[in-house]
Amino acid sequence: MMPRHVDGNALAGPLSDLFAFDVTCASGRCVGCGDVTVLARAMVYEDEMGFVARCHLCDSMLLTVVRTADGAWLDLQGISGLHVAL
Amino acid sequence: MVDVPGWGGNLAGQHLDLRLTAPDGYTAVRSYSIASAGPGDRVELAVDKFPDGEVSPYLVDDIQKGDELELRGPLGGWFVWKPEQTESVQLIGGGSGVVPLIAMVRSHAASGSTAPFRLLYSVRTPQDVFFADELRALAESSPYFDLNFVYTRAVPANWPSKPGRISREILEASTYPASISPAVFVCGPTGFVESVANILVALGHEPTSVKTERFGGK
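Line by line, the protein sequences give chains B and G.
At the far end of the first sequence sits residue 86, using our numbering, and the numbering has no gaps.
At the far end of the second sequence sits residue 218, using our numbering, and the numbering has no gaps.
Any given hint could be a false lead.
To be verified - Per label pair, the in silico range of CB-to-CB distance:
hint, chain 1, residue 1, chain 2, residue 2, range
1, G, 158, B, 80, 24 to 30 Å
2, B, 18, G, 54, 21 to 27 Å
3, G, 111, B, 67, 37 to 43 Å
4, B, 19, G, 9, 19 to 25 Å
5, B, 21, G, 85, 31 to 37 Å
6, B, 17, G, 161, 43 to 49 Å
7, G, 49, B, 68, 29 to 35 Å
8, G, 161, B, 21, 44 to 50 Å
9, B, 85, G, 68, 31 to 37 Å
These are calculated hints, taken from the structure and not from any lab test.
If you're wondering where the values come from, they're calculated on a predicted model, not measured in any experiment.
Glycine included, every Cβ here is placed at the ideal spot set by N, Cα and C.
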């Protein structure tokens, strides 16, 4: 069974350590399907290691955040661009 | 109620992360929606207890006045309502998912907004309604706020229908239609949000005008 997910909104806290702006309001382009939407709409799965955010349309992995002893490892391989309102 | 020196207020719909640290150093972080909105350093939370949870039983049963908590926030700039928004707003909450929607209703009332607001609140029984008196009083006093309930386990006396989950028929009867292009906020358990959002899109709402906030429930 797929674990239950929450929305990208839940990343606002964990990603506030890494970004100086609210990245959940930024629009990302999914490498898998090309959809561009705010990160807050992603499907977010959490476990002890960290977070995985998946595209709300095609389920491709957008980003992962893994906590390490001295910081966090952010992998953005599923996002080909981010639009940030300034 | 939590006093947070330096909080500086929050928008309606935002959340915070709360960290508890056990004596052995084990920590657990959970996100909670904020029931209050506006300026000030006092934050109101409403927490549903998950009996097997690591954090909510402490917050509901054990916490004492004067205990200190580690908070981060306010968080999230997407699932929010701002008083300068003038379009109609449909709020749909399931269980404790009503909490950020309460903050929006309060912000709407406090700002004197004339944007039409409507809340559809799905809840197990009449006894489970959060902020029941406040919601009813606001619905009675404001021409711009309308309140509807769906009871899933037990209904009040003389209620016209049996208990049941939110359905397409209920959404058609008790929410603003897609034709007036309301902003829609849906918050609740994942399954609830999923089914409500799917029905709303089937009823013609633009997917981008339906904002959702799911909580995992742990």
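Quick rundown of the hints versus the structure:
no.: 1; hint: G/158 / B/80: 24 to 30 Å; verdict: 58 Å, violated
no.: 2; hint: B/18 / G/54: 21 to 27 Å; verdict: 25 Å, holds
no.: 3; hint: G/111 / B/67: 37 to 43 Å; verdict: 39 Å, holds
no.: 4; hint: B/19 / G/9: 19 to 25 Å; verdict: 22 Å, holds
no.: 5; hint: B/21 / G/85: 31 to 37 Å; verdict: 21 Å, violated
no.: 6; hint: B/17 / G/161: 43 to 49 Å; verdict: 48 Å, holds
no.: 7; hint: G/49 / B/68: 29 to 35 Å; verdict: 33 Å, holds
no.: 8; hint: G/161 / B/21: 44 to 50 Å; verdict: 46 Å, holds
no.: 9; hint: B/85 / G/68: 31 to 37 Å; verdict: 36 Å, holds
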